[in-house]
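Protein sequence lines correspond, in order, to chains A and B.
Under this note's numbering, the first residue of the first sequence carries the number 16, and numbering increases by one thereafter.
Under this note's numbering, the first residue of the second sequence carries the number 16, and numbering increases by one thereafter.
Don't take each hint at face value.
One copy or any two copies: either way a pair holds, since identical chains are not told apart in the list.
[Said to hold, decoys possible] The calculated lysine-lysine pairs, modelled on DSBU-like cross-linking and capped at a C-alpha distance of 30 Å, are:
| hint | residue 1 | residue 2 |
| --- | --- | --- |
| 1 | K20 | K179 |
| 2 | K179 | K35 |
| 3 | K486 | K259 |
| 4 | K20 | K35 |
| 5 | K20 | K259 |
| 6 | K437 | K259 |
| 7 | K35 | K437 |
| 8 | K399 | K35 |
| 9 | K437 | K179 |
| 10 | K481 | K35 |
| 11 | K399 | K481 |
| 12 | K437 | K481 |
| 13 | K179 | K259 |
| 14 | K35 | K259 |
| 15 | K486 | K35 |
| 16 | K179 | K481 |
| 17 | K437 | K20 |
| 18 | K481 | K259 |
Hints listed in this document are in silico derivations from the structure and should not be mistaken for laboratory results.
Keep in mind that this is a model prediction, so the values were computed, not measured.
Protein chains: 2
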Amino acid sequence: MRTSKERAPIYEMLEAHAAKRPISFHVPGHKGRTDWGVPGADQRYGPLMSLDVTELTDTDDLHHPQGPIAEAQHLAADCFGADETQFLVGGSTAGNLAMILGTAAPGELLITQRNVHRSVIHALMLAGVQAVLLPPAIDISTGLALIPEENLIEQTLARYPEAKGVILTSPNYYGLSTDLRPIVERCHAAGIPVLVDEAHGPHYGMHPLFPQSALQAGADVVVQSAHKMLNAMTMGAMLHMQGKRVVREAVLQALRMVQSSSPSFPLLASLDLARRRIHTEGPQAFEAALSAARRIRQLVSGTRFRILHAEAREISDGVRYDPLKVVCYDEWGQWDGFAVRDLLAARGCHAEMADARFVVLALGIGSTYEDGEAAGQALAAISKELGAARSAVSGEHAPLSGGLLLKAPQVPEPVRFDRQVKNVISVPLEEAVGRTAGEWIVPYPPGIPELFPGERVTVAAIERLKQWNRKGAQIQGAGDPTLSRIRVWD
Amino acid sequence: MRTSKERAPIYEMLEAHAAKRPISFHVPGHKGRTDWGVPGADQRYGPLMSLDVTELTDTDDLHHPQGPIAEAQHLAADCFGADETQFLVGGSTAGNLAMILGTAAPGELLITQRNVHRSVIHALMLAGVQAVLLPPAIDISTGLALIPEENLIEQTLARYPEAKGVILTSPNYYGLSTDLRPIVERCHAAGIPVLVDEAHGPHYGMHPLFPQSALQAGADVVVQSAHKMLNAMTMGAMLHMQGKRVVREAVLQALRMVQSSSPSFPLLASLDLARRRIHTEGPQAFEAALSAARRIRQLVSGTRFRILHAEAREISDGVRYDPLKVVCYDEWGQWDGFAVRDLLAARGCHAEMADARFVVLALGIGSTYEDGEAAGQALAAISKELGAARSAVSGEHAPLSGGLLLKAPQVPEPVRFDRQVKNVISVPLEEAVGRTAGEWIVPYPPGIPELFPGERVTVAAIERLKQWNRKGAQIQGAGDPTLSRIRVWD
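Start from the sequences, fold in the hints, and give me the full structure.
What follows is the structure in structure tokens.
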């Protein structure tokens with residue numbers, strides 16, 4: 016007899032429905048058939064089409080679940096340690112929108128960090144709220160941005176006790192994070208909920224080698240991209256809630272507003288199946304991916320490439336890493352991340368992302384030892400080809416920190432967000448002071464926006480932009496990447 | 016040599032990517048593999064998983080398309096007759112949200128009809144706008160709600176010249192519509208754009224037997240559920256724009272805000288393939304579905320069931336019908352739509368929806384003659400079983416009109432929408448006058464909301480609710496379906 020965690024209620028319901036060979040006089044219009052006149056496509060989609068159904072008597076309604084969807088969500092809450100879990104068909108984007116729309120009314124104030132995913136900024140715009148955007152802490156050894164310092168959050172809570180929530184992003188895109196618990200405890204002591212965009216960490220807390228999850232750290236609302244590291248289909252994500260600091264009905268109402276009224280059942284079933292896999296297998300489910308990570312490290316050892324977390328000294332105290340994000344760089348600093356990414360792609364290994372220093376290989380629950388072998392062999396071959404352009408100077412490689420560190424950052428003024436498209440004009444950098452920024456200006460690395468649309472341009476901001484320019488940072492988002500002019504509201 | 020309309024750029028790009036057998040070190044975490052430990056599921060999803068990729072150098076970015084997605088969208092604009100087409104992965108919901116968010120700033124005013132899809136109301140709430148909610152015209156022979164009368168829209172335009180747009184829903188859920196062109200012309204003469212939720216009409220204008228499309232009638236923004244009647248996967252939809260009355264960048268920005276930053280490529284490719292089918296085949300693509308509709312009509316002829324549009328006299332002047340929506344009812348009025356729906360389901364034929372009178376069989380591009388045979392035979396058999404409970408009284412069947420017709424409706428006051436969850440209390444119906452409604456109250460048929468949350472409760476509204484109650488209407492949405500009490504804001 017199967018235990019309940021071995022069930023996949025949504026998937027099983029869809030199979031049971033299809034087994035009845037129902038004749039469909041309801042949407043969708045394909046009626047379970049593929050007939051596109053493209054034989055390859057018909058074969059690709061064919062087996063799945065009869066599961067692509069709609070809300071029927073024997074299916075369920077994502078927005079008011081009472082049957083298999085409710086059951087599947089209960090199982091997911093059990094698996095991830097939440098009080099309540101909502102399946103998302105609009106990706107973590109839908110979750111980030113809902114958690115923010117559900118927490119603050121227009122004009123109310125939230126606290127977050129500058130280095131958030133674009134969907135968080137979109138949520139602030141859509142919500143029409145004010146937000147205090149804190150500078151993140153920078154990991155000193157890598158120059159990568161983390162969450163803000165605990166004492167900065169403490170100062171911010173003291174200055175803005177009316178804040179409706181603190182929004183954090185953890186882990187970052189490179190798989191780095193710090194312990195959320197002390198910050199969660201400070202926020203809760205101030206009566207303020209913590210909302211975490213954990214898009215890159217749906218596997219956290221599921222294996223002894225992974226950092227703890229945001230739910231384990233006590234966060235109130237957590238959004239995870241189940242498609243990023245687990246094996247749900249793309250756009251499959253989950254929103255978890257625990258405790259009573261957030262009005263759950265408000266988050267649920269926001270989800271009903273931002274998500275499709277005809278959600279995809281194959282997508283929902285893939286969330287159910289992804290949960291089932293880790294629920295039944297436990298840590299074992301990640302052993303193949305971990306073996307791939309280990310194999311890359313083995314094969315890269317002795318080459319010109321290094322892996323960020325392969326040696327403990329390269330990660331600062333208190334910074335935790337995701338063993339499934341293999342962050343590579345050229346020890347000699349001659350080849351940037353973009354170049355290494357392209358050399359890997361030429362060998363059939365497609366990386367998640369690259370910047371001026373790093374290339375990030377994202378493993379996932381579907382990764383195999385053979386994948387690790389392929390990437391490791393490719394890196395070893397690339398190293399050999401590039402050769403000893405200069406002799407290795409062990410321990411003397413360029414410092415990784417590329418960030419402009421803020422000493423004792425101050426609590427900034429809140430920015431008022433709205434969703435309207437503005438008329439913008441381009442002005443010389445110096446003349447922008449006192450005006451409102453009309454574009455995002457994001458130096459890479461570390462990818463922390465220096466200006467958001469809607470933010471007042473200060474003398475200090477202009478000074479920082481000039482410093483970035485002198486350092487030769489790559490400026491993303493700006494209409495003029497040389498930053499001699501910037502766009503401001505007209 | 017293939018013409019460009021025979022191409023399916025997104026699908027072809029995905030196949031080309033998969034053919035390289037790339038090794039994935041990027042999201043999604045399934046890496047193109049299915050390994051859920053559920054063999055049936057692995058087989059169902061298997062062939063499609065290697066197309067479930069993310070934004071890569073050789074794929075494209077839905078939010079800033081420059082490659083195959085841009086090309087596919089251009090082909091779709093050509094096929095549907097738009098200046099610009101956006102593929103939607105969040106269903107028509109995403110399109111309705113974006114067209115409304117992109118048209119009106121918070122506090123600005125829109126004009127719409129009371130009988131809209133919930134996603135339109137959600138958009139008004141999210142947008143924080145005011146809306147004048149017009150009573151729809153009622154088709155006298157069926158009691159079903161259409162769009163508002165032209166002269167009512169004219170009066171409304173005169174009274175609210177500051178309106179930012181007129182939002183119409185056409186066709187309705189039963190496939191009924193009236194000519195949009197006169198209304199579009201009036202709105203354009205007033206300098207006001209027309210936004211149409213054409214979720215149920217993605218096939219309109221594609222066959223001589225189908226009514227013209229909203230784009231053909233001159234609408235500025237049109238949202239269509241390609242999954243409802245064409246053969247895209249569920250959640251696949253399109254937003255079309257033409258002309259310059261709407262600021263397109265504002266609609267696009269809203270789409271970037273409400274849709275996933277990791278859109279599903281299999282879903283996008285299914286939109287591409289659905290467009291290709293009708294683009295290359297033309298009207299021929301719908302012949303099988305039309306043959307199903309004809310076959311149902313043949314088999315139902317001589318039974319106790321009637322089909323709404325099978326006889327011209329049953330449709331009022333100027334009302335057009337969708338031949339792919341087969342709207343059935345018991346001529347003798349003994350069996351309601353719900354009962355007939357259940358009797359059909361017991362014979363394996365699953366209808367789209369039912370109400371107190373009608374059952375709606377929705378055909379689609381995937382429907383076959385055999386489907387029509389099955390539904391027709393089922394209806395004939397049901398008719399035989401139910402027998403001649405009384406003799407047919409030709410031409411004397413109960414009048415279909417169940418609506419409470421408004422004589423010379425007035426232009427109502429605007430309702431201010433917001434997205435906050437309110438505290439509500441339940442009060443006796445009489446005591447609600449002058450307070451703000453805290454729930455939706457929707458009598459069926461015809462499914463037109465009598466009260467929206469946020470709407471001021473008037474004496475007239477209370478009188479109408481009492482009339483509905485006396486008529487024995489089924490009241491949806493209300494906490495107390497007998498309407499002795501209703502919920503209002505505390």
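For each hint, the structure was consulted:
1. K20 x K179: For K20 and K179, neither the intra-copy (36 Å) nor the inter-copy (52 Å) Cα distance is at most 30 Å.
2. K179 x K35: neither (50 Å within a copy, 49 Å between copies)
3. K486 x K259: neither (47 Å within a copy, 43 Å between copies)
4. K20 x K35: within (25 Å within a copy, 37 Å between copies)
5. K20 x K259: within (26 Å within a copy, 55 Å between copies)
6. K437 x K259: This pair counts as between: shortest inter-copy Cα distance 17 Å, intra-copy 38 Å.
7. K35 x K437: Intra 54 Å, inter 43 Å, cutoff 30 Å: neither.
8. K399 x K35: between (59 Å within a copy, 25 Å between copies)
9. K437 x K179: Answer is both; intra-copy 27 Å and inter-copy 17 Å each pass.
10. K481 x K35: Close neither inside one copy (67 Å) nor across copies (44 Å); limit 30 Å.
11. K399 x K481: neither (39 Å within a copy, 85 Å between copies)
12. K437 x K481: within (25 Å within a copy, 48 Å between copies)
13. K179 x K259: within (14 Å within a copy, 40 Å between copies)
14. K35 x K259: Neither: 43 Å inside a chain and 50 Å across chains, both beyond 30 Å.
15. K486 x K35: Cα proximity of K486 and K35: none, with 66 Å in one copy and 39 Å across.
16. K179 x K481: neither (35 Å within a copy, 42 Å between copies)
17. K437 x K20: neither (51 Å within a copy, 37 Å between copies)
18. K481 x K259: neither (46 Å within a copy, 39 Å between copies)
Hints 1, 2, 3, 7, 10, 11, 14, 15, 16, 17, 18 from the list above are not met by this structure, while the remaining hints are.
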